[in-house]
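Okay, here's what each chain looks like letter by letter:
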Amino acid sequence: MVQFRLRKLVLAFILPLLVICFWQYAASDPDMAGIVPTPLAVLQGWQSWIWGQAGLGLNPYLGTWASNVSYSGTRVIEGFTCAFLLGIPLGLMLGWSRLASELIDPFIQGLRPIPITAWLPFSIALFGIRDVGSIFLIFLGGFYAVVVNTTQGARDVDKNLIRAALMMGVNEWQLLRRVVLPSAMPSIFTGLRIGLGISWTAVIVSEMVAVKSGLGYVLWDAYYVGRMDIVLADMVSIGLMGFLSDSLIVFVERYVLRWRLLQNH
Amino acid sequence: MSNIEIKNLNKIYPTTPPVIALEGVELQVKSGEFVALLGPSGCGKSTLLNIIAGFEQSSTGVLSVDQSPVLRPGPERGVVFQEAALFPWLSVWDNVIFGPKVQGVARSIYEPRAKEMLKLMGLSAFEASLPVQLSGGMRQRVGIARVLTMGSQILLMDEPFGALDAQTRLSMQELLLSVWQQLKPTVVFVTHDIDEALFLADTVYVMSSRPGRIQAKLEVPFDRPRSLELTAGGDFNRMKLEILKQMRH
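Chains as they are written, first to last, in my numbering: chain A, 1 to 265; chain P, 1001 to 1249.
Any given hint could turn out to be false.
[Claimed, not checked] Subject to a maximum C-alpha distance of 30 Å in a straight line, what follows is the list of computed BS3-like cross-link-like pairs (lysine-lysine):
{"id": "1", "chain 1": "A", "residue 1": "K159", "chain 2": "P", "residue 2": "K1007"}
{"id": "2", "chain 1": "P", "residue 1": "K1007", "chain 2": "P", "residue 2": "K1030"}
{"id": "3", "chain 1": "A", "residue 1": "K159", "chain 2": "P", "residue 2": "K1101"}
{"id": "4", "chain 1": "P", "residue 1": "K1240", "chain 2": "A", "residue 2": "K159"}
[Claimed, not checked] Heads up, incomplete: computed chain A residues facing chain P, CB under 7 Å, no partners named:
{"id": "5", "residue": "A100"}
{"id": "6", "residue": "S101"}
{"id": "7", "residue": "R163"}
{"id": "8", "residue": "L166"}
{"id": "9", "residue": "M168"}
{"id": "10", "residue": "G169"}
{"id": "11", "residue": "V170"}
{"id": "12", "residue": "P182"}
{"id": "13", "residue": "W259"}
None of these hints come from the bench; they were simulated from the model.
Yeah, the Cβ is synthetic: ideal placement off N, Cα and C, and Gly gets one too.
Make the full structure from the sequences, and use the hints.
Encoded structure:
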């Protein structure tokens, strides 16, 4: 078992190591200077971005990593919280009530094909260069995924479970709360994971344009001043944040859907 | 105690062309009677049970339980489904107390009753298990314990043992009979298995298909309590042959 795990770990690391070695070799070429920094240069840049003392010299990024991560993270949390607080109940309603579905679903499906990036100018015009504009885009990106998957989950409830509940005397609210919601939970978590991924895309795009802080802002700013080491360190930071927040959802999912883990064995 | 009365009941699905699922069904079930609806698949026996349960509505005709018409599903008519239909996210215990809990029954009332029914069904050791951890037969026992805990006077059973292996099915039939003997609910039991119908029921209604109608009503004369030996006897086999002939018509 241990050997098996070790084998998996070793195999998984072969390709990334090769890529990094090749990267180090290729970026060391003098022609590449100023275009692609070496992995070592990225690590050094990242280090000063994280731990550097602010206010010394001309490096505006010194020591600002944590605060930028927290700006972006906070926006994602705010926007995504709105997305699932609205998306889950609305999705349940759309999946459950035919009237709600006929009334609201065409509207949502009509807006959905507009990519969140296309909303950017409108969002800036409406909210200005402020947090709200960014949070609105994050909300929108997460919302569609949550609402569509929740609707699907609420529509696919086993008919016999509904009949069993009706036979035991549930009212409409109890049916939603005790049967439809738990049945839809696996789909809801799928929606949350997809939605959170889109929310991270939205935060980066909106920070590039609509606000003056966060990982997306630094990413574009560093590109402009030719700090490719910061650009790359920023990219890895975004990936890391996305991975960690997804892991958090998976962790909660494993707890909430314990009954389902057993089912698959 | 409850009785069921069905007069000239029809069920037509308004497809093109319309499908007559049930035609002119007449059925009287006395309080505490064990009735089997026997027929090939597609004869409308499950549709009839769903109508009694209130899951579906008849097209025309009269259906009353205790002299009042059936409009919707309700706890007085407990349904045992073929695939148990337990909530997979709830433990055995939470599944069994689901009915009284949502009905707002006091815990002090339903808790002892749930314990008693779980014990009756031999499930006391599995209160904390999830349905997925149980065998098919055990899941059906939970399904039965759940309607008994609600205190349903009528049990509507839709081929509840149809998906079980032969040995489990036999022991479930014996268990059901012993529970029925103790609590005497009214039972309507849907099956396509002649042996099962004869072994369990007081009255067997043989149904024919297309359109679904009741072809024959047979009183089963065997003494109770019944044991498995009955099913090997000559009387039992003579009745079985009689039903087989009916079903050939």
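Holds or violated: is there a CB of chain P closer than 7 Å to the CB of W259/A? At about 5 Å, which falls below the 7 Å cut-off, the nearest Cβ of chain P leaves the hint on W259/A intact, so it holds.
Does the CB of R163/A sit less than 7 Å away from some CB of chain P? Where the cut-off is 7 Å and the nearest Cβ of chain P is about 5 Å from R163/A, the hint holds.
Restraint check for K1240/P with K159/A, where alpha carbons must lie at most 30 Å apart: violated, 35 Å
Should the interface hint for M168/A be scored as holding, given a Cβ-Cβ cut-off of 7 Å against chain P? Holds. Min distance 4 Å.
Sort out whether K1101/P lies within 30 Å of K159/A, counting only the CA atoms. Holds. K159/A to K1101/P sits at ~21 Å (cutoff 30 Å).
Quick check on L166/A please, does its C-beta sit within 7 Å of some C-beta on chain P? holds, 4 Å
With a cut-off of 7 Å, does the beta carbon of G169/A approach a beta carbon of chain P closely enough for the hint to hold? Status holds, d = 4 Å.
Under the criterion of a CB-CB separation shorter than 7 Å, is P182/A in contact with chain P as hinted? holds, 5 Å
Is the hinted pair K1007/P and K1030/P satisfied, with a Cα-Cα distance of at most 30 Å? holds, 14 Å
Are S101/A and chain P close enough, Cβ to Cβ, to be under 7 Å, as the hint says? violated, 22 Å
Interface hint outcome for V170/A [beta carbon to chain P under 7 Å]: Result: holds, 5 Å to nearest chain P Cβ.
Have a go at the A100/A hint: is there a Cβ in chain P nearer than 7 Å to its own Cβ? violated, 22 Å
The structure is inconsistent with the numbered hints 4, 5, 6, although it conforms to all the rest.
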